[in-house]
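S.K.: Listed below, chain by chain, are the residues.
4 protein chains.
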Amino acid sequence: VNAPLWAKGGDELDPEIMRFLAGEDVVADRELLPHDVRATAAHVAGLGRAGVLDAADVARLCDELARLAGDVAAGRFVLDERYEDGHTAIEARLVERLGDLGKRVHAGRSRNDQVQAALRLYMRDRLGALGRRCLDAAEALLERAEAHALAPMPGYTHLQRAMPSSVGHWLAGYAEAFVDDAAYATLTARWLASSPLGTASGFGVNLPLDRDGVARELGLGRVQLNPGYVQNSRGKFELAALGALAQALLDLRRLAWDVSLYAMPEFGFVRLPDRYTTGSSLMPNKRNPDVVELLRAAYARCAGAQAEVAAVLSLPGGYHRDLQATKPPLTGALAHGLAALALVPRLVRELAFDEPRMRAAISPDMYATDRAIELSARGVPFREAYRQIAADVAAGAGRSPEASLAARVSLGGPGNLGLSLLRRRLAEARADLPADAARPPAGRAPTDVDP
Amino acid sequence: VNAPLWAKGGDELDPEIMRFLAGEDVVADRELLPHDVRATAAHVAGLGRAGVLDAADVARLCDELARLAGDVAAGRFVLDERYEDGHTAIEARLVERLGDLGKRVHAGRSRNDQVQAALRLYMRDRLGALGRRCLDAAEALLERAEAHALAPMPGYTHLQRAMPSSVGHWLAGYAEAFVDDAAYATLTARWLASSPLGTASGFGVNLPLDRDGVARELGLGRVQLNPGYVQNSRGKFELAALGALAQALLDLRRLAWDVSLYAMPEFGFVRLPDRYTTGSSLMPNKRNPDVVELLRAAYARCAGAQAEVAAVLSLPGGYHRDLQATKPPLTGALAHGLAALALVPRLVRELAFDEPRMRAAISPDMYATDRAIELSARGVPFREAYRQIAADVAAGAGRSPEASLAARVSLGGPGNLGLSLLRRRLAEARADLPADAARPPAGRAPTDVDP
Amino acid sequence: VNAPLWAKGGDELDPEIMRFLAGEDVVADRELLPHDVRATAAHVAGLGRAGVLDAADVARLCDELARLAGDVAAGRFVLDERYEDGHTAIEARLVERLGDLGKRVHAGRSRNDQVQAALRLYMRDRLGALGRRCLDAAEALLERAEAHALAPMPGYTHLQRAMPSSVGHWLAGYAEAFVDDAAYATLTARWLASSPLGTASGFGVNLPLDRDGVARELGLGRVQLNPGYVQNSRGKFELAALGALAQALLDLRRLAWDVSLYAMPEFGFVRLPDRYTTGSSLMPNKRNPDVVELLRAAYARCAGAQAEVAAVLSLPGGYHRDLQATKPPLTGALAHGLAALALVPRLVRELAFDEPRMRAAISPDMYATDRAIELSARGVPFREAYRQIAADVAAGAGRSPEASLAARVSLGGPGNLGLSLLRRRLAEARADLPADAARPPAGRAPTDVDP
Amino acid sequence: VNAPLWAKGGDELDPEIMRFLAGEDVVADRELLPHDVRATAAHVAGLGRAGVLDAADVARLCDELARLAGDVAAGRFVLDERYEDGHTAIEARLVERLGDLGKRVHAGRSRNDQVQAALRLYMRDRLGALGRRCLDAAEALLERAEAHALAPMPGYTHLQRAMPSSVGHWLAGYAEAFVDDAAYATLTARWLASSPLGTASGFGVNLPLDRDGVARELGLGRVQLNPGYVQNSRGKFELAALGALAQALLDLRRLAWDVSLYAMPEFGFVRLPDRYTTGSSLMPNKRNPDVVELLRAAYARCAGAQAEVAAVLSLPGGYHRDLQATKPPLTGALAHGLAALALVPRLVRELAFDEPRMRAAISPDMYATDRAIELSARGVPFREAYRQIAADVAAGAGRSPEASLAARVSLGGPGNLGLSLLRRRLAEARADLPADAARPPAGRAPTDVDP
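Protein chains in written order, with the working numbering: chain A, 1 to 451; chain B, 1 to 451; chain C, 1 to 451; chain D, 1 to 451.
Same shape as in the complex, but just chain A (with noise of 0.2 Å):
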């Protein structure tokens, strides 16, 4: 084990209280680590700006942390328990290779400003995932919306039949709100994505950094201006983030919820395939919808993340250690959440529909709210239309699912569906990814499973 960075010697190493110090410390670390080299980076550049290193050292540590950066993402340099922290480990990787001038790096900085910068890049590209995720997942629905964009099947309000519906309009609902929880998530990544470098421990540091510079260099839209807020803003950016994975993970769990009751021999509206469904260790005839279920169930992961950072919070100004909590349930939740996402484009591509089945579903009382606007329109005042035919329900009985949905023409009914439109927000809103995400960085965690 390395020493601490503040070790002043003589200091006595508990193991029973340093393993609890470290806590998941190391595994969230891992994916702050690409994003800690790359924020070292640019603070060593802006040491040279500022007159703290000269050019020949800038050098030496820019090309070693490149170094670095290729060594993480190849693999062949994994964070583990013998340093305290990433930060540690940077540290101890360029004082190896450069001896004393490995040191400097440190200058004008404090563990304070580094572990913030990492995080705000590291949730700007995780952020840009989740927009990409949504949008494939949006993608996907709407390529089955078009391809069935009339086939009829029932639409349920109180899980009661309601009126007839088509699968078009039913998975169009979801990509449109993916193409909003995609939006949601740029708009939080701009909104998060300031510069903490340069703030050193809260209260500044006595040197003429160049905040704007490497604000500039990360590629950071703004210099967050005050050492205190960089600090008190610990864990309220990280709500943010999880507040839009959660937006995501609430119409993903909706969406599993209408699989997983559409599947069920009741409904027999769709077939999941094969790959996605497991059997029962003790009942023969199962076949059980399981990556459906945790996909519902990907939710709650994230709401526990959003509790626990929650709970942390209650602090007057100023870091506590306390805050060092609120990492793993933010990295934790977006892993798993990423993860769940990213099955859903060829789940959906995969579903069988049974139309036939479907069109059955569709019984004669739900075209009564069709007749009733009917009579409405001819001026009947709608309460006594409403009256006149909740007495005669069954009455409907010959009209088609087709004539009904063709009716319904209002901008984004199902005779109407928009789905041109749809498409050229989804198209808009992959445009307004953060640029960066495009880009993804080096030493990218395993449960990312982006090409």
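Worth flagging that the hints you see were computed from the coordinates, not collected in a lab.
Some clues are possibly wrong.
Which copy is meant is left open, so a pair is good if it fits within one copy or across any two.
Unchecked claim - Straight-line Cα separation of at most 20 Å, EDC-like style, residue types lysine to aspartate or glutamate; simulated pairs:
no., residue 1, residue 2
1, K103, E384
2, K103, D136
3, K103, D63
4, K103, D54
5, K103, D57
6, K103, E374
Take the given structure of chain A and dock chains B, C and D to it, following the hints.
M.R.: Just chains B, C and D now, kept in the frame of chain A:
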């Protein structure tokens, strides 16, 4: 009690059950009512453009709705237990005044899209108010930061003395936080302000409604296309609105924590105005900072509301009555949170600072970091410098807080607080508030303390 | 408005601030008032034994408190905005009737231990009511389970058909759950029912109070010894009480989910009594199970309250005004949860079962597990048997649900439901309810529907 | 990788999906494994009594299970990614050693009741450990309270000086809290320790299993009768276990808050042992109370786990794969919480008190309450006395803390702390710990620091 909209005659209304069904909806609906009236007028105008109502009927209905809006604003029309909900109340009033014509307002509309429209306008309005409250707080903090920009006070991390700080540095951090919070409220308001009107109960309607026109009339930036998504976004958008509120209340909590500590006799840095304190029923010597403590607790109401809304939402697609349970936490938390934030500017302006006491609390060891960085700037590797200084922290005795502050010149640091840049950001955030928020709706809730 | 207890004269009372300080306390205090009156009487009697009041004064105060209790119970005394809180109201009433003697009731007491005493009695009482509600629900479920013990219905796991089950098996599971919930409510009530009276504001008081006697008089099982702990247990005990409520509401949620699904036309297993359904404002064909859906949502209120209380509690030791914010969620969630549970027995008793429909939904593949176990009982290793049967699940066609159920004879299984044992457990749980809960206090909340 | 238990041949195993299905189950299952082995042995013995296995087979299986338990305890058998879960691992091991006989262990059992049995034993065991940890903390606090029973220190409410208190009074409050927490853990353990074995996948099984005997063998107090309820109680009992943990961690949080404040230079009441503090990477002058801060944060992990489990549970009756997601938060929070509590006794024993500093912080105004009560005891109405004293709080100057403490003689007050009564309660709580908890299972998790 008026019969429910859906009563078909012969319905047995059990009072205990009706009471349970109504819950606390009437209270929540009072907040929604002015928005419901406004959305109803836009729907009526749209029915005119769609040819469902003729121009004269549109005019009569809109006149009556304008009158109702006035009555609501003036407190002459109060929603109470006579009505199943606000929607029923509006229709009952129109029928009372306009006879059968009143009933036609419900054409092409369901309570499902009606309540969503009212909620959407309500959330945009309250997020606008949230933005204003945050900027008002930021303004007060910035003024005090400017006035006491260089007054030294100790800076803490881990609740331990760290480095010299200043009143300006302390307060500017919170000012910047509230500016960010206002920006987040605005982003969120814009993101969720899509128009649900014209989607009926989640499946569209067989009328050619002018959804675009209605959205424009309500100042909503886009049509929410899919009727199913409109229903599925219930609760989800509420969580986004509460998430924006949470950001502001988390900052308020930290500020209240600081004030609460600094007002202790052990610190003695600030004194609270008498009107923000109360006495003890037992202890004659006490003046307690109750207001500050309740400001600190305001976040809890929001956290409860978030948990309550989230707990409702594990549902398949489509409307379910469970979703009614999302209204009281939403409106309750927003009302309480905005009331808390409204108290901040005056509290901040009336805080008295004991500058000598703060200055005296800066002990010699607090210059250790300055000294270590000076050494390292002279070429000593930082880790070396750190160890040298750690061995003799008392040697900082001759230094002055002013010099320490002045030397920390990086942007945002105590020697270069960037207050004019912050003031510019504040002005930009104010200019960016949702346009409509400048024109508060009639009939505002009593908890709202806007002038 | 009466002056606050702590007013020292000359206090400037700002209405906006006073309103914020009061919050929704008055509503919560209405629930606490009868308990506060009762605890006050016990404190007065204790002051008598301690020699602080003479016997005649004790008698006069207790008489007046009994009268007040009667007035509260009869609705002749209603807590409203005139009083800072319930404690002030009691003292104001005593002073109004008894002059200076009324003021002596506060001797040796602070609002801090007074509110804790009222809360402790309130929580014990409401946990007793919770236990009763659970047992009433269990009783109704058990009756129906007995009446339909062997009526076959399909059993589901993963929302997929699994094995034949029965109505008796389905409902007995919920009966047992509610019996457990009642036991947990009782355990929790007993655990938290310690007496805080006599600890003043957290540091004791320089009077020889008879704490043991007061605890006995209130039927509280033990004295909470440490005055500091009395204050520190604020919120903590509330979370335990809400935890007990949550257990019952989680079971209610699952039961409501089942009923909600089984009432779908796709299942058609149960039909809800009309009074538990409502119509749609748009769709004439709908009967919606709104009551069942709101029962399902009742847990959310409790979850919100738990989160709200928990969010307040990150505080150092001793009383802080923040803790006032724990009252509204506690009383609100208990009132709502108990109102929800009170609707269960009648709902359960009035559910109509469509037995032919349920029987018809049992498909031949559902006997596969029975067959595999039969094979394995004849010596085929279970994994082998499983594979054999999985290869031909349709071969179960000739079997009957009755035989399948009858063969599952282990205790609790469909062929041996153990209903009489369950009935015995129910009776034991009823006998074990907190003794005091049998004698409900006067002045109960309107949401409480006990006969 | 071993094939899943349910593999019917020809199953396509997609690695990405398998990874998502497995989640973090392997880690959680490591904690459950010894309990699973033990429950399996009890099931095997029951199969013997039911005539499904003969005595020789029972003996061979039980021997092998005992060997496995030993291997697990000694770390010779470690659960890893080769196995789908712990259940699979046990069966694979038995088959490896005993051939086909190993497969027979699954007779009359499903993974559904198997996991519940392991969880039930695990929760009872960990709640027992929780109780022990709480009592160990209480013991340390009580020792220090006895040693410093009358050492004066200021008492605070609202973070304002209130009345003289003592170290004994301060610490005894937390000792009592932890005794209560231990009692609650024990109650909860007993309440949830019913036996699920013999209920298969929620519908019983067509074998005459000896459920009572198996329950007795496992030391579980009662049979959980209904197979459906067994499945429906998944997550619900977990929330009860986490609720018990939360109680203890809430008290730990408050204690950590106090220590954190009292260790500030502004107070200077306590000094932490060096091993409980760490340095800053930037500031050479700092010693930070990191351990105390992470103890304060430990509750957050539990709060997150509670939210995560609760968010999973909105489901209809019966098993759903979603429920797997309740395992990691349960085991993670219990392991972390117990590790935090394990650090408390030594921390408490090594705290150094600065008695002169504490005594000096008691200012004359803090005697105001004593004086007001003295006046009122002499017949002045308390409200009068209050006003008189409030007008001249400085007149308390001549008093001593010792006299003030000694006069507060009601049971539990600073003059009569009731420490021997508290010690008796502690001993009773220890005697009442779940019997089985005294005999910790083999194979305990590395996070468990029991000697």
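S.K.: Decide, hint by hint, whether the structure agrees.
M.R.: Hint-by-hint comparison with the structure:
{"no.": "1", "hint": "K103 with E384", "verdict": "between (83 Å within a copy, 9 Å between copies)"}
{"no.": "2", "hint": "K103 with D136", "verdict": "neither (44 Å within a copy, 44 Å between copies)"}
{"no.": "3", "hint": "K103 with D63", "verdict": "within (15 Å within a copy, 59 Å between copies)"}
{"no.": "4", "hint": "K103 with D54", "verdict": "within (15 Å within a copy, 71 Å between copies)"}
{"no.": "5", "hint": "K103 with D57", "verdict": "within (12 Å within a copy, 66 Å between copies)"}
{"no.": "6", "hint": "K103 with E374", "verdict": "between (79 Å within a copy, 15 Å between copies)"}
Hint compliance for this structure: hint 2 alone is broken.
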